[in-house]
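Chain by chain, the residues run as shown.
Number of protein chains: 4
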Amino acid sequence: MIKVGIVGGTGYTGVELLRLLAAHPQVALQVITSRADAGIPVSQMFPSLRGFVDLPFIHPDEAHLEQCDLVFFATPNGIAMQQARALLDAGVRVIDLAADFRLQDIAAWEKWYGMSHACPDLVAEAVYGLPEVNRAQIRLARLVANPGCYPTAVQLGFIPLLEAGVIEPNNLIADAKSGVSGAGRKAEIATLFSEAADNFKAYGVAGHRHLPEIKQGLACVSGNPVGLTFVPHLTPMIRGIHATLYGRLAREVDLQALFEQRYANEPFVDVMAAGSHPETRSVRGANRCRIAVHRPQDGDTVVVLSVIDNLVKGAAGQAVQNMNIMFGLPESSALDNVPLLP
Amino acid sequence: MIKVGIVGGTGYTGVELLRLLAAHPQVALQVITSRADAGIPVSQMFPSLRGFVDLPFIHPDEAHLEQCDLVFFATPNGIAMQQARALLDAGVRVIDLAADFRLQDIAAWEKWYGMSHACPDLVAEAVYGLPEVNRAQIRLARLVANPGCYPTAVQLGFIPLLEAGVIEPNNLIADAKSGVSGAGRKAEIATLFSEAADNFKAYGVAGHRHLPEIKQGLACVSGNPVGLTFVPHLTPMIRGIHATLYGRLAREVDLQALFEQRYANEPFVDVMAAGSHPETRSVRGANRCRIAVHRPQDGDTVVVLSVIDNLVKGAAGQAVQNMNIMFGLPESSALDNVPLLP
Amino acid sequence: MIKVGIVGGTGYTGVELLRLLAAHPQVALQVITSRADAGIPVSQMFPSLRGFVDLPFIHPDEAHLEQCDLVFFATPNGIAMQQARALLDAGVRVIDLAADFRLQDIAAWEKWYGMSHACPDLVAEAVYGLPEVNRAQIRLARLVANPGCYPTAVQLGFIPLLEAGVIEPNNLIADAKSGVSGAGRKAEIATLFSEAADNFKAYGVAGHRHLPEIKQGLACVSGNPVGLTFVPHLTPMIRGIHATLYGRLAREVDLQALFEQRYANEPFVDVMAAGSHPETRSVRGANRCRIAVHRPQDGDTVVVLSVIDNLVKGAAGQAVQNMNIMFGLPESSALDNVPLLP
Amino acid sequence: MIKVGIVGGTGYTGVELLRLLAAHPQVALQVITSRADAGIPVSQMFPSLRGFVDLPFIHPDEAHLEQCDLVFFATPNGIAMQQARALLDAGVRVIDLAADFRLQDIAAWEKWYGMSHACPDLVAEAVYGLPEVNRAQIRLARLVANPGCYPTAVQLGFIPLLEAGVIEPNNLIADAKSGVSGAGRKAEIATLFSEAADNFKAYGVAGHRHLPEIKQGLACVSGNPVGLTFVPHLTPMIRGIHATLYGRLAREVDLQALFEQRYANEPFVDVMAAGSHPETRSVRGANRCRIAVHRPQDGDTVVVLSVIDNLVKGAAGQAVQNMNIMFGLPESSALDNVPLLP
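Residue numbers (my numbering), protein chains in the order written: chain A, 1 to 342; chain B, 1 to 342; chain C, 1 to 342; chain D, 1 to 342.
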């Protein structure tokens with residue numbers, strides 16, 4: 001059994017990690033920390049976990065995380081980078097679900113996240129945890145930077161096209177729509193029910209923190225820098241991201257075959273039949289990305305539709321997938337549940 | 001392995017049965033019928049099942065249901081009663097998720113459901129599939145009448161009070177609220193998104209088909225006829241029933257202890273701490289009923305709050321629970337998933 | 001023109017007052033205060049008001065409210081009672097949309113609201129602003145206590161029955177369901193979209209502040225104290241309250257005629273045909289209460305269904321109705337818009 | 001008073017027309033037809049109209065539409081073209097809210113709409129009812145083709161850029177998101193609450209009927225054919241369209257000034273401050289388009305955000321605006337209500 005700790009268990013990625021890990025046959029959940037809610041039973045805050053998780057939240061100072069085999073950080077940005085080195089030194093492996101280790105360019109990270117980085121050298125060691133690209137490195141990693149939710153949906157949609165060099169890399173458009181849980185479990189007016197329901201809006205058009213993360217990942221598979229316009233939107237649903245991706249074809253290719261071949265051996269990427277329109281609910285609660293590729297009116301523009309559950313393949317599920325790879329477990333352990341529809 | 005067939009797999013209870021059975025270690029899904037959609041792959045209609053269910057819908061005439069060990073009817077009312085006898089005669093056990101075998105009073109059934117009953121004698125044999133009341137009979141049953149969604153939530157809330165005789169049985173009130181999936185997957189204007197969203201209404205106040213079913217069940221545990229006012233409401237959510245139950249106290253009793261003792265050994269009924277307010281989402285996707293009991297202002301009125309997922313404990317999950325009991329399997333096989341929250 | 005000021009314009013009742021008053025032909029909106037957002041244009045916070053309201057929020061200290069003819073308090077509880085006397089002394093009339101002047105029993109108010117009352121003598125003077133009961137007093141009032149949202153829906157449903165003495169007053173049940181805007185525009189986790197959407201729950205079963213307000217009002221029309229069990233619920237919609245009311249018939253009566261006669265001359269109470277089920281969306285955005293009365297199965301229990309828009313007839317609209325009465329204007333000025341459906 | 005008839009009053013554009021016309025000081029509503037629901041009071045189907053509309057639905061054969069001054073067609077495609085000539089011959093002016101007269105290219109119309117056109121010559125006479133482009137022609141028109149909902153939002157966003165020639169016209173992208181009411185009030189499974197809620201999907205990527213309409217309009221203002229990729233999506237809200245538009249800058253320009261000048265005199269187009277993100281709810285229930293223009297990261301891509309209420313500026317409101325223009329009334333008569341927020 002793998003002894004697992006979770007730092008920051010009171011947010012949506014925290015409770016989602018608990019949902020998945022509670023069903024994992026190889027995981028012994030040791031400790032869940034919360035500074036503000038120490039002492040409260042986890043299942044009191046999240047009654048869905050009654051009967052599954054009997055632990056209380058523990059104050060970080062009393063958590064003895066160094067006794068774990070693996071620690072997940074489900075914390076705000078800037079926490080994991082403070083604690084990762086001590087854990088790694090103690091032989092604990094770390095998966096950060098926040099952004100601390102995602103950008104290799106430290107200056108860019110500091111600009112977008114508005115703080116100094118506490119351990120730039122660990123960034124160099126960290127592996128970006130997108131298994132469809134970095135599976136081999138993840139297997140050996142001590143420290144994994146779990147991708148953001150938008151970056152997962154957008155990269156998985158563009159990768160086949162950029163790897164094969166069939167679209168112009170300097171003029172990509174990613175129009176992405178997220179459910180409200182992507183904003184986290186924070187007391188804020190903008191994500192109140194009465195503000196977000198029956199409403200649709202774009203946000204962060206001038207610049208969103210996931211932009212450099214996506215560009216880094218796409219440049220990596222493309223072999224060259226990419227030009228990307230990324231517009232995120234808030235849509236009135238709890239879970240789900242739908243990325244609508246646009247690229248200009250640089251040469252003729254069988255798009256459907258390209259996507260099917262690229263993901264033929266990927267357990268969690270499902271290329272749907274030509275002409276399909278994947279729905280976010282078709283992956284609700286599941287660690288899966290469904291993709292369809294279109295070429296409307298036989299023109300020069302490729303349209304890729306890519307959907308994930310932002311809390312699963314976009315966060316906690318991908319983190320468990322990374323854990324499974326790191327510890328040599330079957331990659332789909334605890335990730336094989338059927339999506340909840342309707 | 002239990003060979004299972006499903007008649008009528010295109011509704012919400014059908015797809016929910018498939019979701020649960022796909023994960024059942026002792027079930028071999030043999031056949032799913034649909035008259036209108038025969039030939040279409042199940043996973044084309046329900047993309048959430050891609051990778052889990054590879055069968056197409058089969059026309060009923062070609063289904064060979066008699067080769068199954070168990071057949072679920074996830075059909076409109078009036079279908080199962082046409083086909084049950086032939087299946088039973090062939091040694092197949094039957095669970096009907098519709099209402100054909102729920103009411104022992106044939107005349108009442110014919111009045112409420114507006115048709116003649118095709119096999120009154122089988123009604124007498126049928127066992128009402130509420131495990132918390134009839135577990136022993138279910139174990140031996142050939143034919144199980146799976147309870148309605150409202151009746152499950154309402155009965156589980158009133159049973160401890162009526163069995164113990166602590167409330168007046170002639171003046172019960174059940175104010176129940178259901179998510180829209182309870183109306184089924186039928187093309188109707190009243191349940192369109194633009195009709196049901198951002199809206200709340202009562203319906204069927206003059207009389208709802210679940211009224212006689214609830215009264216029958218409560219009379220049975222009470223030992224006497226009961227007087228019940230039942231008002232169902234439609235609330236803008238997909239899944240979930242919240243029953244708010246009112247009774248007049250007939251004598252002093254420790255209500256919390258009464259409920260905890262009644263359900264101490266029930267795997268799927270969770271009595272919450274005194275003062276709790278169960279939320280429907282705390283059971284979303286799970287075969288669980290959560291209950292809290294209140295006595296506001298220390299008055300004579302008991303208020304019971306009872307929540308279920310109408311498609312799971314209120315339909316498909318309870319059907320699988322009944323199957324597990326009938327076939328001597330662990331009662332929670334395929335029913336042990338954590339609710340999806342948020 | 002009536003010179004109007006609004007104290008506390010950043011909440012949902014504030015923006016709703018602005019929506020209504022912007023269209024009022026006899027109102028000159030003078031000032032809107034906000035301590036936290038002073039200086040910001042109102043239409044920047046609420047873009048729906050662009051082109052209709054050109055004022056910025058003003059700090060209370062600079063508001064010169066004493067120059068108004070009428071001041072609305074759309075503030076949290078406990079603010080109006082601090083400022084009402086000075087305004088009244090300056091000849092300004094006051095309508096408080098919060099609870100400061102609703103309960104005549106000061107001790108009860110202090111218990112339920114957890115603070116000392118700043119001006120008990122003004123409570124005695126204040127008129128409870130339910131026009132269907134107190135129209136004559138409202139006309140002469142200097143200080144109006146605008147009713148709560150639940151109390152409006154519940155009282156309008158029970159009043160005909162209690163005034164006529166046709167139900168037992170000691171055993172009333174009000175099962176009420178509110179949209180989330182009833183909780184206000186406050187940064188709180190419990191009313192986040194991801195918490196409140198696709199979910200249903202009761203709250204405050206042990207006791208809710210609207211309980212004594214409803215009991216006071218019903219006792220007044222009944223002529224005797226009433227026994228009431230009041231259970232509020234949160235339902236995933238933005239606007240709307242649906243009250244389902246239960247009473248025991250004390251004598252035979254033509255219920256439909258009773259309701260129709262009681263409200264025959266009321267411009268904002270609509271008694272629907274026998275057998276109707278009013279929907280909350282049928283009053284969305286409008287100052288209207290729609291009511292239907294039922295006697296299920298011809299039994300002893302009367303069921304009344306009463307719906308309002310909690311922000312209009314349950315708050316800002318009723319306040320404007322009171323203003324119209326106080327200033328001798330046509331009662332429906334600025335309140336005659338058609339509900340928004342769908 | 002203008003005598004107005006409505007053909008097809010049982011859909012969402014029909015009830016929305018009724019909501020607006022009921023408040024119009026110059027309109028006398030004469031007749032509302034429905035083949036299926038003849039005889040039923042309008043306010044029985046739409047209780048929101050109780051007290052505002054006293055008419056029953058009339059069978060088309062008994063409607064005497066030729067006695068009206070103006071007839072609105074709120075019908076499915078293919079109806080208005082059957083009846084328009086007789087009405088025009090009788091001196092009645094016609095506004096078609098469906099698509100029969102929107103495309104000047106008859107062959108294209110017949111391909112996209114799958115039927116023969118009944119009166120191609122009237123198409124040539126019809127004026128496309130986008131007042132921001134064709135106000136002068138609308139004033140004189142006998143027959144107005146009211147624009148589609150997506151075409152309104154998309155055209156208003158692109159027009160300033162294309163008229164000024166500042167973007168490349170051959171590579172436009174319109175990623176549009178619509179509330180579910182855009183699909184109409186038809187009994188269909190795909191738009192059931194339980195299908196459309198908590199879900200997001202694209203549809204019609206291969207080709208949508210609004211594509212040729214948008215291209216026609218943009219070619220007209222551009223002076224040249226345009227290349228457009230149009231991807232519509234369904235988002236779980238009742239009302240609202242959000243169009244996110246992408247173009248490649250062809251030369252430097254002050255984008256904000258360009259938009260502000262273009263719409264300076266337009267009563268129903270609101271250019272928001274630079275950096276804004278218009279929300280659909282900010283126009284809920286109102287005949288208004290709000291627009292913001294962005295140039296992310298100072299790159300070559302212009303992003304325009306354009307929101308409307310699909311049932312108002314995208315349908316019934318624009319039709320009333322056209323009527324006001326045609327009859328020389330103030331353009332904002334009955335269209336000056338404040339949007340409903342929250």
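Treat the hints with care, as some may be off.
Identical copies look the same in the list; a pair holds intra-copy or inter-copy alike.
Derived SDA-like pairs (lysine to any residue); straight-line CA-CA distance at most 20 Å [stated by the list, open to error]:
1) K215 - P296
2) K186 - R135
3) K186 - N224
4) K111 - Q261
5) K215 - A22
6) K215 - E252
7) K215 - R295
8) K111 - D298
9) K215 - G299
10) K111 - N77
11) K111 - P296
12) K3 - A257
13) K3 - E62
14) K111 - Q26
15) K3 - G91
16) K111 - A124
Everything labelled a hint here was simulated from the structure, so no lab data went into it.
Handout entry: Homomeric proximity label, K215 with A22: Cα distance no greater than 20 Å
Key = Classified as neither: same-chain Cα gap 35 Å, cross-chain 39 Å, threshold 20 Å.
Practice task
Go through the copies and call it for K111 and D298: within, between, both or neither, with a Cα cutoff of 20 Å.
Solution key: Result: close only across copies, 17 Å inter versus 41 Å intra.
Practice task
Pop the pair K215 and E252 into one bin, within, between, both or neither, using alpha-carbon distances up to 20 Å.
Solution key: neither (24 Å within a copy, 25 Å between copies)
Practice task
Indicate which option fits the pair K215, P296 if close means a Cα-Cα distance not exceeding 20 Å: within, between, both or neither.
Solution key: Between copies only: 14 Å across, 25 Å inside.
Handout entry: Up to 20 Å CA-CA - G299 versus K215, copy category
Key = between (25 Å within a copy, 15 Å between copies)
Exercise for the section: Could you figure out if K111 and N77 sit no more than 20 Å apart (CA to CA) within one copy, between two copies, both or neither? Expected result: Only inside one copy: K111 and N77 sit 13 Å apart there, 43 Å across copies, limit 20 Å.
Problem - Alpha-carbon proximity context of K111 and Q26, limit 20 Å - result: neither (40 Å within a copy, 53 Å between copies)
Practice task
First find the shortest C-alpha distance between K186 and N224 inside one copy, then the shortest across copies, and answer within, between, both or neither for a cut-off of 20 Å.
Solution key: neither (38 Å within a copy, 47 Å between copies)
Exercise for the section: Classify it for me, K215 with R295: is the Cα-Cα distance of at most 20 Å met within a copy, between copies, both or neither? Expected result: between (23 Å within a copy, 18 Å between copies)
Problem - Intra- versus inter-subunit Cα pairing at 20 Å for K111 with Q261 - result: neither (38 Å within a copy, 36 Å between copies)
Handout entry: Within, between, both or neither: K3, G91 at alpha-carbon 20 Å
Key = within (12 Å within a copy, 49 Å between copies)
Exercise for the section: Check K111 against P296 for me: Cα-Cα at most 20 Å, and say if that holds within a copy, between copies, both or neither. Expected result: between (38 Å within a copy, 16 Å between copies)
Taken one by one, the earlier hints fail for this structure at numbers 2, 3, 4, 5, 6, 12, 14, listed in ascending order.
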